[in-house]
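So you can see what is in the structure, the chains are spelled out below.
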Amino acid sequence: MAGGLAATFAHPGSRGVIGVAFDPDNELLAAADASGRAYLWDLIRGDLARTFVSRRSGGLNGVAFCLGGDLLAAASGDGRVCLWEVVSGRPAGSFVIPGSPTVYAVSSGPGGQVLAAACGSGWVYLWDMPTRRLAGALPPPGAGPGSQGVNGVAFGPGGSMLAAADGNGQVYLWDTAAGRLAAAFAHPGRRGVNGVAFAPGGSMLAAADGNGQVYLWDTAAGRLAAAFGDPSSRGANAVAFAPGGHLLAVGDGNGCTYLWQLSPTAP
Amino acid sequence: MDGALQRWAVTEGLRHGDPDRTGPSGLLPLRPALAAALAVPGCRAVYAVAFGLDGDALAAGDGNGRTYL
Numbered sequence: 001m002a003g004g005l006a007a008t009f010a011h012p013g014s015r016g017v018i019g020v021a022f023d024p025d026n027e028l029l030a031a032a033d034a035s036g037r038a039y040l041w042d043l044i045r046g047d048l049a050r051t052f053v054s055r056r057s058g059g060l061n062g063v064a065f066c067l068g069g070d071l072l073a074a075a076s077g078d079g080r081v082c083l084w085e086v087v088s089g090r091p092a093g094s095f096v097i098p099g100s101p102t103v104y105a106v107s108s109g110p111g112g113q114v115l116a117a118a119c120g121s122g123w124v125y126l127w128d129m130p131t132r133r134l135a136g137a138l139p140p141p142g143a144g145p146g147s148q149g150v151n152g153v154a155f156g157p158g159g160s161m162l163a164a165a166d167g168n169g170q171v172y173l174w175d176t177a178a179g180r181l182a183a184a185f186a187h188p189g190r191r192g193v194n195g196v197a198f199a200p201g202g203s204m205l206a207a208a209d210g211n212g213q214v215y216l217w218d219t220a221a222g223r224l225a226a227a228f229g230d231p232s233s234r235g236a237n238a239v240a241f242a243p244g245g246h247l248l249a250v251g252d253g254n255g256c257t258y259l260w261q262l263s264p265t266a267p
Numbered sequence: 001m002d003g004a005l006q007r008w009a010v011t012e013g014l015r016h017g018d019p020d021r022t023g024p025s026g027l028l029p030l031r032p033a034l035a036a037a038l039a040v041p042g043c044r045a046v047y048a049v050a051f052g053l054d055g056d057a058l059a060a061g062d063g064n065g066r067t068y069l
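Chains as they are written, first to last, in my numbering: chain A, 1 to 267; chain B, 1 to 69.
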């Protein structure tokens, strides 16, 4: 990255941008808004290409492109996943999730063939996107009166792993091929985990914690590789690895986006 | 909801990560270093971040209703 602010996209009337995603061609940027709108920015022309409006009340909490970028999915605060056709701009239906007051995040697997939705009920649901059929339901392992819901989800490379960030301070690692829970990572701070991301290759998993720390887990060894954060943090909300895996971006509640360089410790 | 729904369950083979056990392993330990703190006037809270596919662009969604690239 050369550094520097390249563009600012303003959303009039917005109550906050909660989710962003690039399309697979790297030409469009989707932004999910707390006012219930999703914006599609054309990165080539630098202008707003489309605005999608949720027909019901409820802000949008996250976005993901599906089916090679043909479809945009948005996590809605009214307990649905909203779908729109990217090219035509037409609504493409929605997935209604019974018993969940809100959907906090969505993530698409390789090629956008599978979509995962993180729900306030603590469940994660999976849909097969070509058929639009519900393919799986992952229960909240730590379900109980104190369950806080799932704040974030992310597929690992190849889609064989799925990480779920729990409001109770746990990160759950699901083996999607075997259909079982493979690991549970408890965060030392015990605040809610707001977002997760796999490093390229899947050897590491980053988790953004509400206590302001970022935890890096070694997914193969089940060990904590590193814990770090800025002292002025007001809670880490989101994490994303650069394609090379050497850089980690952290969105913070204090208004900063931190870039952390990841390098092995010298022996 | 569809009849082909697969409900996954927790199995006995669950492995618990232990935050008190740090390194070493094949890729550990790591030493993260803060490379930059990006902020523009008026930023409130950054709720979302995403890198472009080639790593040249980083998008950040802010509580002030703006998306920064």
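I should point out that these hints are in silico values taken from the structure, not numbers from a laboratory.
Source: prediction; values computed, not measured.
You may find that some hints are simply not true.
[Unchecked claim] Computed spacing ranges between beta-carbons, pair by pair: (1) Val40(B) - Ser88(A): 17 to 27 angstroms; (2) Ala177(A) - Pro41(B): 25 to 35 angstroms; (3) Ala36(B) - Arg234(A): 32 to 42 angstroms; (4) Arg31(B) - Pro91(A): 23 to 33 angstroms; (5) Val40(B) - Gly111(A): 43 to 53 angstroms; (6) Ala33(B) - Arg56(A): 43 to 53 angstroms; (7) Gly42(B) - Pro231(A): 35 to 45 angstroms; (8) Ala33(B) - Val87(A): 18 to 28 angstroms; (9) Ala220(A) - Arg31(B): 16 to 26 angstroms.
Here a beta-carbon is modelled for each residue, glycine too, at the ideal position from N, C-alpha and C.
Here's how the hints hold up against the structure:
1. The given range of 17 to 27 angstroms is broken by Val40(B) and Ser88(A), whose C-beta atoms sit roughly 34 angstroms from each other.
2. A hinted range of 25 to 35 angstroms is violated for the C-beta pair Ala177(A) and Pro41(B), which are about 47 angstroms apart.
3. The supplied range of 32 to 42 angstroms is broken by Ala36(B) and Arg234(A), whose beta-carbon atoms lie about 18 angstroms from each other.
4. Between Arg31(B) and Pro91(A) the CB atoms are about 48 angstroms apart, so this pair departs from the stated range of 23 to 33 angstroms.
5. For the pair Val40(B) and Gly111(A), the beta carbons lie near 35 angstroms from each other, so the given range of 43 to 53 angstroms is not met.
6. Distance hint check: the CB atoms of Ala33(B) and Arg56(A) are about 45 angstroms apart, consistent with the given range 43 to 53 angstroms.
7. The hinted range of 35 to 45 angstroms is not satisfied by Gly42(B) and Pro231(A), whose Cβ atoms lie roughly 22 angstroms apart.
8. For Ala33(B) and Val87(A), the Cβ-Cβ distance of about 43 angstroms falls outside the hinted range of 18 to 28 angstroms, so the restraint is violated.
9. For the pair Ala220(A) and Arg31(B), the beta carbons lie near 20 angstroms from each other, so the given range of 16 to 26 angstroms is met.
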